[in-house]
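Protein chains in written order, with our numbering: chain A, 41 to 524; chain B, 41 to 524; chain C, 41 to 524.
No incorrect hints appear here.
A pair counts as met if it fits within one copy or between any two copies, since identical chains are not told apart.
Straight-line alpha carbon distances no greater than 30 Å define the calculated DSBU-like cross-link-like pairs of lysine-lysine that follow:
no.	residue 1	residue 2
1	K384	K327
2	K55	K330
3	K327	K55
4	K327	K387
Keep in mind the hints are simulated off the structure, nothing from the lab. Fair warning: this is a prediction, and the values are worked out from it, not measured in the lab.
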Amino acid sequence: MGAAQSFRELCDRTKNTNVRLSLPAVCIVWQTAMIILFGVFIRYNEESDTHWVEYRKENNLSDIQNDFYFRYPSFQDVHVMIFVGFGFLMTFLQRYSFGAVGFNFLIAAFGLQWALLMQGWFHSLDYTDGKIKIGVENLINADFCVAGCLIAYGAVLGKVSPVQLLVLTLFGITLFAVEEYIILDLIHAKDAGGSMVIHTFGGYYGLSISWMLYRPNLDQSNRLQSSVYHSDVFAMIGTLFLWMFWPSFNSAITDHGDGQHRAAINTYLALASTVLTTVAVSSLFQKHGKLDMVHIQNSTLAGGVAVGTAAEFMLMPYGSLIVGFCCGIISTLGYIFLTPFMEKYLKIQDTCGIHNLHAMPGVIGGIVGAITAAAATESVYGAEGLRNTFDFEGEFADRSTSKQGGHQAAGLCVAICFGVGGGILVGFILRLPIWGDPADDNCFNDEPYWELPEDEEVVPPMLHYNNHMHNKEIAESNFTVEQN
Amino acid sequence: MGAAQSFRELCDRTKNTNVRLSLPAVCIVWQTAMIILFGVFIRYNEESDTHWVEYRKENNLSDIQNDFYFRYPSFQDVHVMIFVGFGFLMTFLQRYSFGAVGFNFLIAAFGLQWALLMQGWFHSLDYTDGKIKIGVENLINADFCVAGCLIAYGAVLGKVSPVQLLVLTLFGITLFAVEEYIILDLIHAKDAGGSMVIHTFGGYYGLSISWMLYRPNLDQSNRLQSSVYHSDVFAMIGTLFLWMFWPSFNSAITDHGDGQHRAAINTYLALASTVLTTVAVSSLFQKHGKLDMVHIQNSTLAGGVAVGTAAEFMLMPYGSLIVGFCCGIISTLGYIFLTPFMEKYLKIQDTCGIHNLHAMPGVIGGIVGAITAAAATESVYGAEGLRNTFDFEGEFADRSTSKQGGHQAAGLCVAICFGVGGGILVGFILRLPIWGDPADDNCFNDEPYWELPEDEEVVPPMLHYNNHMHNKEIAESNFTVEQN
Amino acid sequence: MGAAQSFRELCDRTKNTNVRLSLPAVCIVWQTAMIILFGVFIRYNEESDTHWVEYRKENNLSDIQNDFYFRYPSFQDVHVMIFVGFGFLMTFLQRYSFGAVGFNFLIAAFGLQWALLMQGWFHSLDYTDGKIKIGVENLINADFCVAGCLIAYGAVLGKVSPVQLLVLTLFGITLFAVEEYIILDLIHAKDAGGSMVIHTFGGYYGLSISWMLYRPNLDQSNRLQSSVYHSDVFAMIGTLFLWMFWPSFNSAITDHGDGQHRAAINTYLALASTVLTTVAVSSLFQKHGKLDMVHIQNSTLAGGVAVGTAAEFMLMPYGSLIVGFCCGIISTLGYIFLTPFMEKYLKIQDTCGIHNLHAMPGVIGGIVGAITAAAATESVYGAEGLRNTFDFEGEFADRSTSKQGGHQAAGLCVAICFGVGGGILVGFILRLPIWGDPADDNCFNDEPYWELPEDEEVVPPMLHYNNHMHNKEIAESNFTVEQN
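Bound-form chain A, shown alone (with noise of 0.2 Å):
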């Protein structure tokens, strides 16, 4: 015990997770970079600039038409997702709250501008002035992006420091902005709700990376990683603003109209769907027929991932409620068997379990694209609307459905395929020891890079783990502890 004790502390001060030079100076250089490459670059569309009053006119169109009106309250609903959502759901950890919601705020922060710059070059730039034109369309992929990012984030949960955070950041968007192109343009597979260009990549990403980054005596942290009641409360708040907003998500940079519509009636029942089986799967696994909070959490929301890519199809409302059900089933099993079988086997720590929230019914979600596409036809999409919904004009024009259908396919791996190698590469980079991460035994932990509130800091290590003691009722303890 004494030697595994001062083994311990020789680990802890191998570690420094003093970030106070790394962290204020990337943060300053990258964003101090990003005004200058807005400078030169980023522009308004003719949408938010005020020529919109000229353009309008010519067009002979009214304000009400402007894209704003079309996609600002799915932009909203999508922004909440992304900082509230996510970063609530990764509250669960009994300790590690401030550095769920506090570095998924920074990571996506900064995220969101790197992506403006990085998908304007691939999809927005105006080739007369070579300059990036931006509208609401723009911030919506924007934050898609990130979303790549903080899934990424959910299976490294805890066990890294905020410069890690935001190399994995700059990369990941980078990596996400060119697997997107090349999924979106050159193999023109569609993907509204990014089943596969968001969850399928960012999940392999991040699994990739927290296999880089293995820690073997990570059950030194066991005590830290688990929840405390209201923890898993506060975990709810992101669990149910992902889930009801995620209809938004999918819906968001569809076609106007009946795009946006039939995506997010899809992805509503989808959604409804999974709850229910999630929870069966859940109790039914569970001695006594309890239920656990990891799975509802999780569980419920795989559905949305997985009708991701076919929300703005013809998937027919009982197409949504079966993937749904499926999902549920597929996701809560994962939780229970595979993230066990994974740490033990296959050395990969998923601290949040995103395998089977996101990894997993992301490929279901692009196998589902590939298959609904294939099966799409005529009669029951009608001429144009098939032609509308599939983009099926310029030099796709004469795509058939079913080819539609393998280059869908061909989308999911390329999202795969990016996700591993590039989460690879990340991971090599990040396990250099210059990063400032936390020690084995310091890991799901907020004590290394935030101040805590004074009542937890007086706290003696040995009852560290103890949430809710006061000073004085320590000081009692420790006296009655003597007395004895």
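Mind docking chains B and C on chain A? Use the hints.
Structure of chains B and C alone, referenced to chain A:
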């Protein structure tokens, strides 16, 4: 004392809260049934179908005139009220937050699917092909329908099993759809915000069930039937989201244009004035004039309930303020005097006081609606405005406003009858000893149905009411005890 | 020590925090006055009145062009900021969460009614019939007006009684309406997001009041003037909803079309860059580079305040980033150096640091607005765009942009004068010994004004600062004490 003890243990043994078979069975079977019924009956309507492109051109519409853009923002607000609003409002109990948020989540997710079918058969059935055609308005109505059952949940909170809640919801939705059809279609009463259809029905439905499930020895759980400091703060999340989004609730399905606009304004004003009178009465009836969180959490919402019917009428801003003024007073007095009276003399145990928040204000809302309708004149509404507001078209073209007032009152009676009658019937079913409900001394406790975080489980029963004690502490305190 | 003790008890006795008569009286009387005034003055405008049907046809409009659909989603976001954003941001104190959320709720609900009247008389009075005609834009402006008072509340948080807060609000709204009329109508300055009108005014109004109410012995409450772990997490709910919805705040009442679109983009970008510089400075100035929750909770919002005025101008994306960059640094430095300085030397006790979050960034916002306006050119804005953006119409048709810049600066001065002057005046009134404010050693404590959950009340004063101790524990710990 020893006798009571052994008797309690006896009860305990007779109660089996293991739902490991029943809960999964119900979830899987019902969800499968939903998939089959959706497959047979439910399709997209012309605004969410890919044929919209053609439909739009035929009718010379712009995409922005798709109903999605009129109602989706309101829908999302209503969605938040259902899942976060109702869910968190019920987290005020110190040890029942998992059940409050989690079961609310479960029954709402099931209920909205069943509601789409039930309401669809009555309202959205396309007789040409026998299919129910759904769009965003159906989603809103499904959420409304669910609200009725969640209100009922408030009365039995902490005293029933999840299986009982699913049964309560299945019958509740069914009854709701029927009474709604009678009130809105046959009687042709107007009820935009559902004062009658949702709140009056839901309130009396829940109260009747609670009366049927009366527990004489519930005082054995008294120590858990109270809040702690932070659980009251969690509950305020629910209160505020309900309060803020209530204008969207009452305006979500009203007429495009002035209808939605006016309903939102009226609700906004009624809620504002309710807050002041609630605070006044709460302070006036407490010793030292201290405010009671129960009143702030609940009575401040009564105004929104009570303008539900009249919100779309020309209630006038001052009219809304008056309604809110009265409801704040009545609802708060209800919590202070009526709730204890009902428990003692009427044997109705109303955990959340839904009688004060939904039933009474709902009835007031129905009466206000009847009066406002009867008092409507062409001089105030304008000829077209009057026809438009009350849908005096087709068979109702020549209905007078005074006659409409009478029909509004008739609608209120129908809602009460369905609530009381349905509640007694369902309560009778729920008394069967097969549903896994908790023992009297195990109510208001998450322990029977949830895997609780470790730091809770180790607490011995005698100390079980202590939220934040930790293993070590207990070890000591026990030691001290032995010492003495 | 004994002397100090007895002196403190003396103070205590002299302070009577019983508001059982004053609070109900004020609420009932003022609400009654509101009903009468609304009855005399307030009616629906042509877009929320039943005559809209005819109005629409006369003007050949579609229902979707009703202002409701342009502004309602933004209104709801603003509404969330007022009630959840401000309310929860102030829950960071360990024992004042009820007061933070509850009193915020109370004064906002009262304030918005009074604001509808005050602003209505100045801006929406229909001279044909002497009525104020309200629509959704009036609701937004009422919420804005309330924001000014909630900012002021932040400075005196925990040190005043609810009655004082209502008085603060009554006068605050009145002053707001006047300075707003002078700045926007007479001076014709533009201030879409209210950097000057809302934040500068509200900030200095609150600081002046706090200066007038200076408490030399406030250190007696020091033990309560700090957060605990979970109260900081609650506060993050407020921070995030403010941060996410700020783009809606700044764009809620700007011009239809490009105006709202551009304001949202600028705010989104400014806020993003603020987060990075806040984190940088927070880490740089703390020992071991740890982050301080106070900065993350507050300074990350400064960017939104500072682009309030210029958000609707052609500030350019990089311009927004620069504003956010500077404000994150200045605001965080303010918390580290300025707040202690102000308390020590200027006798200004600023509980929430509103000087760093609202006053300073507000002034910066006013200056940025003046510069941006003065620098506006037709080549950038386009002839029509320029006229449209600055409303150079009617009597202001021939105003030059440089002249506009001067008027913007003048507007800023007016806001500061009204804030300081009004604050001193109201502070003087609030010093009267009739308002039931708490004793110095009872500040930052919910106990005087709220019925606290049982497990709290039984705690003897000596242990009162302990959040989570429970009856039994205390019995023991006391016992132990006696033992010694």
